[in-house]
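Chains as they are written, first to last, in the numbering used here: chain A, 2 to 217; chain B, 2 to 217.
The set of hints was computed from the structure by calculation and includes no laboratory data. The structure displayed is predicted, hence computed values, not measured ones. Honestly, I wouldn't trust all of these hints.
Identical chains blur together in the list; that is why a pair holds if it fits in one copy or across any two.
With a straight-line cut-off of 30 angstroms between C-alpha atoms, the simulated DSS-like cross-links for lysine-lysine are [stated by the list, open to error]: (1) Lys65 x Lys46; (2) Lys116 x Lys65; (3) Lys46 x Lys116.
There are 2 protein chains.
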Amino acid sequence: MPRAAATKARKQATQERSRATVEALLAATARVLVREGYDRASTNKIAAAAGVSVGSLYQYFPSKEALVAAVQDRHVEHMLSEVRATMTQAVHRPLPEAARELVRVMIAAHAVSPKLHRVLVEQIPRVRGLAQIERVGEEALSMTRVYLGAHASSLAVEDLEMAAFIVVTCVEALTHAAVLYRPALLGDESFVDEVTAVVIRYLGYRAPEGDARERT
Amino acid sequence: MPRAAATKARKQATQERSRATVEALLAATARVLVREGYDRASTNKIAAAAGVSVGSLYQYFPSKEALVAAVQDRHVEHMLSEVRATMTQAVHRPLPEAARELVRVMIAAHAVSPKLHRVLVEQIPRVRGLAQIERVGEEALSMTRVYLGAHASSLAVEDLEMAAFIVVTCVEALTHAAVLYRPALLGDESFVDEVTAVVIRYLGYRAPEGDARERT
DNA sequence: TCATGATGCGAGTGATCACTCGCATTTTCT
DNA sequence: AGAAAATGCGAGTGATCACTCGCATCATGA
């Protein structure tokens with residue numbers, strides 16, 4: 002049972018061998034978390050799964066929480082790299098395309114490793130609050146805010162801050178819900194269409210010219 | 002640590018005194034869960050908080066999980082009663098009003114006891130999956146499905162099943178996000194407006210007559 | 001080569017926790 | 001009243017788990 006709750010790394014791995022140990026531990030933690038869930042993922046099991054002793058585990062991670070936190074960080078970093086890569090390119094494109102990019106990137110981000118994602122989302126809030134995982138949403142939110150600011154003139158919303166919050170929350174929730182409860186939808190192009198439509202219609206987008214792509 | 006994982010009640014409380022004990026246990030469980038979180042909410046603490054002995058606790062609940070599950074059921078039942086009461090009346094009203102009702106009832110449902118709700122959502126999935134809490138969403142989903150079916154002619158969506166999923170997911174997520182991250186928005190009438198707008202615009206609603214309430 | 005530090009090991013430690021059991025108290029019957 | 005049933009009690013039990021410590025093994029540079 003937890004004594005303190007340190008979350009920072011204990012020792013820097015410098016040699017090649019030790020970096021491999023750390024790597025094995027992180028990978029094993031992810032595997033065991035997926036297979037057993039947080040509660041049943043004991044540090045002994047994780048060490049065993051990594052082919053490493055408990056002692057070594059505690060040489061690099063001061064606590065179980067720290068270990069899990071490291072896995073979480075890594076996962077979030079993966080997702081963030083997806084988000085950033087795609088969204089920076091979307092800023093200068095018209096809404097229908099930009100919205101589609103947002104939707105796609107959210108789906109892609111959630112598809113990084115869905116099972117791990119699920120465990121992290123469902124069981125790990127206890128470790129550090131949802132804050133960490135929320136960073137993906139935060140990132141998307143800030144980029145969306147920028148986008149809306151730049152395109153305010155062609156949109157029919159007043160409060161851009163709220164609009165950004167609403168757009169990101171909806172898109173995030175829809176991808177999230179799809180991953181968890183309707184996995185079949187993820188490959189479905191019409192799902193992307195619909196989510197995109199939510200955004201476009203909510204924002205009251207009007208095509209600048211005779212562009213017949215949207216009904217409504 | 003858990004041995005089996007029974008989730009059903011152990012003994013029916015018949016006398017007045019024992020019903021009070023059960024009641025005290027449920028109330029105390031909710032309190033302790035909120036105060037300590039699932040992990041630190043030990044059965045001994047709960048019993049103490051209820052002014053009852055551990056032995057008595059196990060006379061009515063075969064496991065910690067069963068106890069928490071009972072609290073969860075009760076909470077969901079509260080939320081559901083909110084949802085059902087309001088939504089059955091909304092079926093015969095035009096979209097702008099019905100959508101507003103949906104939004105309001107979701108906010109109301111989440112406001113039943115937000116702190117407990119948060120714990121239940123964030124920490125309890127492990128107990129029975131999210132399935133239980135999701136029942137609120139399921140209920141709203143099925144009622145929304147019915148509504149959309151009845152009003153299909155005045156809407157601009159094709160796949161009603163998907164539309165219902167999208168509408169409920171968005172509204173649920175927005176209220177949920179507001180409860181967790183933007184509590185200030187909950188009292189804000191313009192938040193209700195915006196969420197309602199998401200629904201109305203997505204569904205491509207056109208007022209049957211000269212009704213100037215909506216832009217877009 | 002060998003000395004020094006880095007890395008690895010895993011049995012053991014102390015703490016916690018879910019849960020049981022034998023007995024005490026209260027309530028409900030006759 | 002008094003027997004029987006229901007309810008309540010809480011110290012104790014066995015299990016688990018996060019984490020430590022003393023020692024072994026390996027890599028390095030001189």
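Against the structure, the hints:
| no. | hint | result |
| --- | --- | --- |
| 1 | Lys65 x Lys46 | both (12 angstroms within a copy, 24 angstroms between copies) |
| 2 | Lys116 x Lys65 | both (20 angstroms within a copy, 27 angstroms between copies) |
| 3 | Lys46 x Lys116 | within (19 angstroms within a copy, 34 angstroms between copies) |
Every hint, counting from the list given before, is met by this structure.
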